[in-house]
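Chemist: Those sequence lines, one after another, are chains D and W. For the record, in the first sequence the residue sitting at position 85 is 84 according to numbering that gives the first Met the number 0, with numbers rising by one throughout. For the record, in the second sequence the residue sitting at position 134 is 133 according to numbering that gives the first Met the number 0, with numbers rising by one throughout.
Think of the hints as simulated: they come from the structure by calculation, not from any bench. All values derive from a computational prediction rather than experimental measurement. Ideal placement from N, C-alpha and C gives every residue a C-beta, glycine not left out. You may find that some hints are simply not true.
To be verified - Heads up, simulated DSS-like pairs for lysine-lysine below, C-alpha to C-alpha not over 27 angstroms straight-line:
(1) 213/D x 38/W
(2) 200/D x 42/W
(3) 58/D x 213/D
Claimed, not checked - Computed footprint of chain W on chain D, listed as stretches where at least three residues anywhere in the stretch have a Cβ under 8 angstroms from a Cβ of chain W:
(4) 38 to 48
(5) 81 to 95
As the list claims (entries may be wrong) - To give an idea of the chain W side of the interface with chain D (calculated C-beta under 7 angstroms), a few residues:
(6) 57
(7) 59
(8) 67
(9) 70
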Amino acid sequence: MSKIINIKIMTEKLNRSTSDSSIESKLNDRRIKENELIDRALERDESAYSEIIRLYKGKVAATVYSILGRDYVEEISHEAFIRAFNSIRNYRRDSSFYTYLIRITVNLCRDEIRRKQIKRIFNFTEVFNKSDDNDAQEQIQTGTSSDPINIYDAGETINIVREEMQNLPSILRVAVTLREIDELSYNEIAKLLNISVGTAKTRVFRARQILRDKLTERLSYGK
Amino acid sequence: MENSCHYSVYVDSFVHGELEESRPCRDFENHLATCNECKEEIKAVSQVKEALINSYSMQLDETFNYHVLNTLRKGKHFEERKEIRIAVEDIIISFATLLAVVLLGIQLFHNPKVSSVEMAGRLTNIEKSSLEQSSLSKDQVLELVLRSK
Ligand SMILES: [Zn+2]
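Construct the complete structure from the given sequences, taking the supplied hints into account.
Modeler: Here it is, written out as structure tokens:
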């Protein structure tokens with residue numbers, strides 16, 4: 000497993016002292032900064048909009064890429080920002096604007112899937128309405144990915160991940176995207192998908208386990 | 000891959016920085032000094048996370064920002080505030096005009112009978128010369144002039 004991916008090793012994290020510069024205060028700083036930006040955006044300050052786009056466009060794009068595929072990234076990301084900004088007066092600050100934006104993005108992905116009628120690959124009705132994961136296993140697809148996996152030339156691991164993500168049941172793919180790419184908490188994921196925290200955790204754990212197993216299996220075959 | 004250690008429940012939160020500075024975090028970190036199972040689990044969870052981030056990392060360039068802002072401009076998103084200001088100014092001007100008309104009306108109502116001589120006294124020279132050249136009757140013109148004042 001250690002050969003699989005070139006990552007920042009966790010020992011760094013393990014060795015740090017518990018009193019290091021607190022993430023909490025960094026998060027607070029981020030929240031304060033975001034609030035200031037929203038205040039300015041409400042005043043229709045154009046530079047605030049630019050800054051919000053710059054801050055979050057990477058995450059929004061990665062979310063679309065992971066859920067729908069590369070071909071949809073520009074169009075859906077653009078629409079997500081437009082919708083978020085046009086409804087900025089409706090945004091209540093009970094969650095971060097980032098979470099609000101990701102929610103819009105995920106909903107757009109759902110709409111797009113419905114519109115394009117590609118339910119044979121992604122069954123989104125279940126993503127949003129179902130809390131019972133027992134059927135998830137049944138949805139595992141054996142078909143090939145619709146996503147051109149070689150767009151990003153970043154090695155075999157990346158290709159395997161993209162392929163296996165597309166093969167995952169959609170409910171697992173969305174959950175693991177929200178956790179690992181968007182870095183949302185389980186509470187936020189549960190709220191966003193309208194499921195329980197327990198179900199959110201189960202989905203993420205299962206997706207992660209499948210990806211782990213597939214990576215191990217396919218990379219050891221390739222040795 | 001099953002982790003039998005009861006501390007393993009902290010692995011996910013630990014990797015995502017959600018245990019920072021809490022008591023379970025300190026306990027877990029102490030535990031890690033002696034538990035290889037949890038260390039391996041942390042490594043595995045981190046690897047999947049990193050692999051996902053690397054697989055879907057996307058750089059949308061400045062053109063993207065431009066397009067979003069341009070769409071907002073076309074939708075007059077940034078003019079919303081200006082429009083509100085203009086609407087308020089319009090209301091104030093309309094109200095002032097209405098007030099002026101009402102005051103003028105009151106003024107006329109209280110001085111209904113104005114003689115031709117008095118009217119003539121209020122005319123400017125230009126108005127007087129217009130009056131002389133006009134085909135209207137003297138009273139008609141005087142009435143018009145008075146109304147316009
Ligand atoms: Zn342990």
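Chemist: Give a verdict on every hint.
Modeler: Consistency of the hints with the structure:
A distance of roughly 21 angstroms separates the Cα atoms of residue 213/D and residue 38/W; the hinted pair therefore holds under the 27 angstroms criterion. At most 27 angstroms may separate the alpha-carbon atoms for a hinted pair to count; residue 200/D and residue 42/W meet this at roughly 19 angstroms. With a C-alpha separation of about 25 angstroms, the suggested pair residue 58/D and residue 213/D falls inside the 27 angstroms cut-off, and the hint holds. Proximity of the region 38 to 48 of chain D to chain W, defined as three or more residues with a beta carbon under 8 angstroms from a beta carbon of that chain, is established by the 4 residues found.
Residue count for the region 81 to 95 of chain D with a Cβ under 8 angstroms from a Cβ of chain W: 3. That meets the three needed, and the coverage hint holds. Nearest Cβ of chain D to the Cβ of residue 57/W: about 4 angstroms, under the 7 angstroms cut. The hint holds. Annotation: residue 59/W was flagged as interfacial toward chain D, and the flag holds, the nearest CB pair being 5 angstroms apart, inside 7 angstroms. With its C-beta approaching chain D no nearer than about 5 angstroms, residue 67/W sits inside the 7 angstroms limit, and its interface hint holds.
A hinted interface residue such as residue 70/W counts as satisfied when its beta carbon comes closer than 7 angstroms to some beta carbon of chain D; here the least separation is about 6 angstroms, so the hint holds.
In this structure, every one of the numbered hints holds.
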